[in-house]
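Engineer: Sequence:
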Amino acid sequence: MRFPLIILVVLAGFFPQETPLEAAELAAMPKLATSQSAILQPASKIPQPDLSAIGEDIQDWQARLELARLLSYVKRYDESLEQYRKVIKEKPALKEAYIEMASVLSWTGRTDEALALLRKISQQGLKKNERLALADIFIDGKDYPAAEALLLEELQFSPEDDRTRLKLAEILSWTKRYDDSLKEYTILLRNRPDDVQIRRKYAFVLIWSGKREQAVQELRKSLKE
Numbered sequence: 043m044r045f046p047l048i049i050l051v052v053l054a055g056f057f058p059q060e061t062p063l064e065a066a067e068l069a070a071m072p073k074l075a076t077s078q079s080a081i082l083q084p085a086s087k088i089p090q091p092d093l094s095a096i097g098e099d100i101q102d103w104q105a106r107l108e109l110a111r112l113l114s115y116v117k118r119y120d121e122s123l124e125q126y127r128k129v130i131k132e133k134p135a136l137k138e139a140y141i142e143m144a145s146v147l148s149w150t151g152r153t154d155e156a157l158a159l160l161r162k163i164s165q166q167g168l169k170k171n172e173r174l175a176l177a178d179i180f181i182d183g184k185d186y187p188a189a190e191a192l193l194l195e196e197l198q199f200s201p202e203d204d205r206t207r208l209k210l211a212e213i214l215s216w217t218k219r220y221d222d223s224l225k226e227y228t229i230l231l232r233n234r235p236d237d238v239q240i241r242r243k244y245a246f247v248l249i250w251s252g253k254r255e256q257a258v259q260e261l262r263k264s265l266k267e
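Throughout, our numbering is defined as the position within the sequence shown, counted from one, plus 42.
Take these hints with a grain of salt, some might be off.
[Unchecked claim] Here are the computed lysine-lysine pairs in the DSBU-like style, where the Cα-Cα straight-line distance is at most 30 angstroms:
# : residue 1 : residue 2
1 : LYS225    : LYS263
2 : LYS128    : LYS169
3 : LYS117    : LYS170
4 : LYS169    : LYS184
5 : LYS184    : LYS128
6 : LYS162    : LYS137
[What the hints assert, rightly or not] The calculated label-pair distances, taken between Cβ atoms and stated as ranges, are:
#  : residue 1 : residue 2 : range
7  : GLN104    : LEU265    : 47 to 57 angstroms
8  : ASP236    : ASP120    : 35 to 45 angstroms
9  : GLU98     : ASP222    : 46 to 56 angstroms
10 : GLN165    : ASP222    : 14 to 24 angstroms
Hints were generated in silico from the structure; no laboratory data involved. All of these numbers come straight from a predicted model, not from anything done at the bench. Where a beta carbon is used, it is the ideal one built from N, C-alpha and C, also for glycine.
Build the full structure now, drawing on both the sequences and the hints.
Structural biologist: What follows is the structure in structure tokens.
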């Protein structure tokens, strides 16, 4: 693999000039492990059923929506999708059903179907969890401009949301907008100076943008010497 050689050369400081890496070199770099980061691996949370209307009957579509969710959690995806279809047929204006169904389609590799489903709903007035779920689906479908718009919108509401900012920083780096990506990583490191994985991701973007001496410093900071 070429990756270990690249890192060794970076740490040794032997690059003769500050030029961006070629596309082939970028492709050779694997994704970083995320076990040392406090924000890269969000804890999975199962949405709780809405029982706010105490004393009222739970409607069929509400029970079916919870069934669709539960089936997706236990990875019975085809059954889950069938229940989501029935919910949407009964409640065609229920955005969360569309978004959740699209998420299941995306998890099973049917990203084109997920994107087609999302085109049927308006993105106005989305809740936080809906906006972020939608962004993830667009990322899976490599529609980075659409994902970026949603992440920027979310950061306007929650500028302290480091997980959302990290996704934005990564998208900007994937589209080679390195300076913009580095700005977001700078904010993240200001908030989380001890996060090893964020610092290493920051260093990689420095490498890709040709700022190798800075990358040397950041990689050294991320290692126990």
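Engineer: Would you mind marking each hint as holding or not holding in the structure?
Structural biologist: Taking the hints in turn, this is what the structure says about them:
| no. | hint | verdict |
| --- | --- | --- |
| 1 | LYS225 / LYS263 | holds (19 angstroms) |
| 2 | LYS128 / LYS169 | holds (23 angstroms) |
| 3 | LYS117 / LYS170 | holds (24 angstroms) |
| 4 | LYS169 / LYS184 | holds (22 angstroms) |
| 5 | LYS184 / LYS128 | holds (29 angstroms) |
| 6 | LYS162 / LYS137 | holds (9 angstroms) |
| 7 | GLN104 / LEU265: 47 to 57 angstroms | holds (52 angstroms) |
| 8 | ASP236 / ASP120: 35 to 45 angstroms | holds (43 angstroms) |
| 9 | GLU98 / ASP222: 46 to 56 angstroms | holds (49 angstroms) |
| 10 | GLN165 / ASP222: 14 to 24 angstroms | holds (22 angstroms) |
In this structure, none of the earlier numbered hints is contradicted; all agree with it.
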